[in-house]
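Residues per chain are reported as follows:
Number of protein chains: 4
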Amino acid sequence: MASKPTPNQSTAILLISCPDQSGIVAAISNFLFENQGNILDVDQHVDRDENAFFMRIEWEVDGFGIDREKISEAIAPLADKFSMTWTLNFSDVLPRVAIFVTKENHCLYDLLSRHESRELAMEIPLIISNREDLRSAAERFDIPFHHLPITKENKQEQEQKQIALIKENNCEMVILAKYMQILSNQMCEALPNQIINIHHSFLPAFPGARPYHSAFKRGVKIVGATGHYVTKDLDEGPIIAQGVTQVSHRDSVKAFIRKGRDLEQTVLSRAVWLHINRRTLVFGNRTVVFG
Amino acid sequence: MASKPTPNQSTAILLISCPDQSGIVAAISNFLFENQGNILDVDQHVDRDENAFFMRIEWEVDGFGIDREKISEAIAPLADKFSMTWTLNFSDVLPRVAIFVTKENHCLYDLLSRHESRELAMEIPLIISNREDLRSAAERFDIPFHHLPITKENKQEQEQKQIALIKENNCEMVILAKYMQILSNQMCEALPNQIINIHHSFLPAFPGARPYHSAFKRGVKIVGATGHYVTKDLDEGPIIAQGVTQVSHRDSVKAFIRKGRDLEQTVLSRAVWLHINRRTLVFGNRTVVFG
Amino acid sequence: MASKPTPNQSTAILLISCPDQSGIVAAISNFLFENQGNILDVDQHVDRDENAFFMRIEWEVDGFGIDREKISEAIAPLADKFSMTWTLNFSDVLPRVAIFVTKENHCLYDLLSRHESRELAMEIPLIISNREDLRSAAERFDIPFHHLPITKENKQEQEQKQIALIKENNCEMVILAKYMQILSNQMCEALPNQIINIHHSFLPAFPGARPYHSAFKRGVKIVGATGHYVTKDLDEGPIIAQGVTQVSHRDSVKAFIRKGRDLEQTVLSRAVWLHINRRTLVFGNRTVVFG
Amino acid sequence: MASKPTPNQSTAILLISCPDQSGIVAAISNFLFENQGNILDVDQHVDRDENAFFMRIEWEVDGFGIDREKISEAIAPLADKFSMTWTLNFSDVLPRVAIFVTKENHCLYDLLSRHESRELAMEIPLIISNREDLRSAAERFDIPFHHLPITKENKQEQEQKQIALIKENNCEMVILAKYMQILSNQMCEALPNQIINIHHSFLPAFPGARPYHSAFKRGVKIVGATGHYVTKDLDEGPIIAQGVTQVSHRDSVKAFIRKGRDLEQTVLSRAVWLHINRRTLVFGNRTVVFG
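Protein chains in written order, with our numbering: chain A, 4 to 294; chain B, 4 to 294; chain C, 4 to 294; chain D, 4 to 294.
Bear in mind the hints are in silico, worked out from the structure with no lab data behind them. Do not rely on the hints blindly, as some may be mistaken.
Treat identical chains as interchangeable: a pair holds within one or across any two.
Below, computed lysine to any residue pairings styled on SDA-like, alpha-carbon distance capped at 20 Å [unchecked claim]:
id, residue 1, residue 2
1, K257, H109
2, K84, D65
3, K158, S217
4, K170, N133
5, K262, S251
6, K220, A29
7, K262, E122
8, K235, I166
Kindly produce the complete structure, drawing on both the sequences and the hints.
Right under this line is the structure:
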């Protein structure tokens, strides 16, 4: 057993949710032990009230007793026995991600910078926006930019184009990097727990539009940002990460916005990092985050 | 000019709010300059949207050109000229404070401990509670304890007894140190901006009862506490101080409560410290805090 | 499996450190599974660089297949096989703790308050001090107070009296709650990893005396506090918990000290809570904290 | 008086340090009052121990009774009277800044992103590096990139080229955005209090090389970053801003580095924002930050 893989080391990552019962950990441990699995990281959690068991386990592909294309098959009986919901991913298969933006550049640049430095191990085949403002930002990083303006009338149609683009590009997830449009149900349902949004408040405080203005008006002494999965209920999806910073009476609404931007980009990138490293599990409207 | 008075140094503290206009600072500066005022601390703020001016100025009583009992009189013309709302206090006149509690002891003990060490320069002539639980805590510190149980039927009557006790004891302010009763309007109006409450959430998130349970259910990653002035609108009064701490999926509701207690006592004591050091000004539903 | 025991539920807590090797988790899981252990909480960690395995596992005593007085015996073969260093504790056997103080009251009162509310499940048979200042605080809470003044000449002798008192009172641990004396090696060696100190800085910054003065002089924008195990090297023992808060140019040394006190009491109580709930493991000069 | 200028509003910003004495505030207030100065923001501070007075005052150029090119002349007698050290800047004259980098991209991209969105109101005529790694990053944003590799032998010569480039480009300040070379005295003295560095630790903890490795080895529970002015004493210059984040035993050195990057870019950009908005004053080895 050991802690973190080196970059060129391929790992398998198994994420499990199931009803809690005795023997799960022993069964999984034995399965890996018997197949010479060199476990790199393991974390687990039991929610007593929900009687639910959660686990993330990561091991080296190299040297494992089962070929990588046959691992799923080998896990299936175990999964059946314990009624597991599970996913198996490999660290060398990078998730493909579509980024949605509107006009603010900071979250986009933060994602692109971390992508370039390989902190965020993902592929970004396209950026979609309802405005033209950030085309040059996309072009700076040589990423195709799709302008799909949204009006009340064309919203459903444009979303279908977005979904088509996501499929064509084999994207498994979407990042809303200050995308100032509300997604319709069709989009939310097309990618359940695969769309991450950054909301510029400390949810559930100040949902909806203009949270900094509301926070200023309420006279709060701390502002926040929330990275969460998108569901059909606006700003009510499962929370992945939150951050806060202090404000005072000296801060105008503009200062709230400026200080909030620091949080937005950091919290969004952290939520994305957790997701693409397969460290998040959703149950009900909450998350388990193996950080 | 200088920063902080030594304990045995008496200081005068002037707090001012008024419509902003040119010449205020010059006028006050000149007034103190001409009377040999040795200014120890000055802070000011202008709210452009509200066109409002706020100032706190502290100077040594010893050596000042006007006798302390005649300072108010001397300020009056200046105050009239600029339509100031103002208060003048002296650091050697300790505010008298009534503490209200129910059954949780942590905020009470934190206040009493800071009182004993003179961090909180105030007098505590009485503790009032709707339960008997904390009588022994009050007795440990030799402070009279009044048990005034509250029911739907007797609430108005008991509050009148509370108000009478506050008056008899010449208390200028009330601290609700986890007092689990909602004050009626008569009480709020009797002591406007002189009642400080600690709410166990990051307001405006989770107002009302059982905020930790709500926070747990919502799956937040950070919990908070809020020290605020009490108004007739529950949990909507002007915020003085807020604090937050991280939680994770590993934390049960009990852990939320435990971690929250640390915040509650720290944030409440900070809010009280700011108030009794005359560092807070309320305007509308917000505060200026000269921290 | 489940999360947290209710107060009247007795639990067994096993803490393990050993060289990492395959099969440990499976072996422990099987041991508990075969004896009908209802696991309430489990956390583990592997340090790859050190090739070290750490685990904390908590299960219900009631219903377990082995009588509580025979559990150690039953674990022994497993422990031998994997060369484990291990401790077994029961939640209903409260640790007995000696608190050392000098003259500042805030950490002491915070501990006593949490003890009274049972947040800190421990017994405090005595308080020891090199000064008389806090005798009244001890008496308020009906805890025997021992005054053992320390001079260069009598230090060794007085420490022997301290050690004798600790033994007579069957204390397993010591809390230095702002005890302003340096312990000699004999004391450190008498209670290895059982003495917790609060240092009033963000270690390793500002070790030694007057850290707030040094922090002020250096012009830092954040101050901190550190709860750590005491070793013979002053302020260099394994860190359990740290906290920080912001300061600015407006803060005098006195304000640094005042803001720091909030941290000191919170961080010390957190470190103590972690220790007495058997959530800390020391390896080398670091800690694993199953928080 | 009012709070913050709108973007197209030109403001004058006066920064003052001088020995404290009565009448300074009155004198400055009167000077602006008599010339119809519309004050937008004012902040001041007195350091009693040093007997030093500090002030930042910002007012509208438009409508002021003195032409902008004659303001300095008008201030001079006042400045002489109170022995002021002072600077006068105008918000519409953007500071020209040279950015130094080595190979990590995150701080550079964060600065460039904030520059593009005009959060950082400055001009960046050049980027200098001792390596080629970030040439493409500079080119993405169309900023000239100068590669000046440094060896022990050529260091002095290359620094003279750097200084020449800074002068040719009329840069008033330098940002070390993870520039992994120690500046020699000649460079520090060429731009006193005009070079801002980000150090990847919570100074004064872990100065020098590889702070994350040292922090990991020491077993700290919090890591930090420090934005500071560069002086000839490495990592000992006046601190402008600091930030911290929590770590645990689960975090490897790599995780320390990853979490630290978030701090580094945020803290550096905040320090730069404060500096170019003329909100920092250095005295001795400390700063006054009118945040």
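Hint check results:
1. K257 x H109: Answer is within: at 15 Å inside a copy they meet the 20 Å cutoff, but 25 Å across does not.
2. K84 x D65: Answer is neither; intra-copy 27 Å and inter-copy 28 Å both fail.
3. K158 x S217: neither (28 Å within a copy, 35 Å between copies)
4. K170 x N133: Answer is within: at 19 Å inside a copy they meet the 20 Å cutoff, but 43 Å across does not.
5. K262 x S251: Answer is both; intra-copy 11 Å and inter-copy 17 Å each pass.
6. K220 x A29: neither (54 Å within a copy, 30 Å between copies)
7. K262 x E122: between (24 Å within a copy, 11 Å between copies)
8. K235 x I166: within (16 Å within a copy, 50 Å between copies)
Going down the numbered hints, you'll see the structure goes against 2, 3 and 6, while the others check out.
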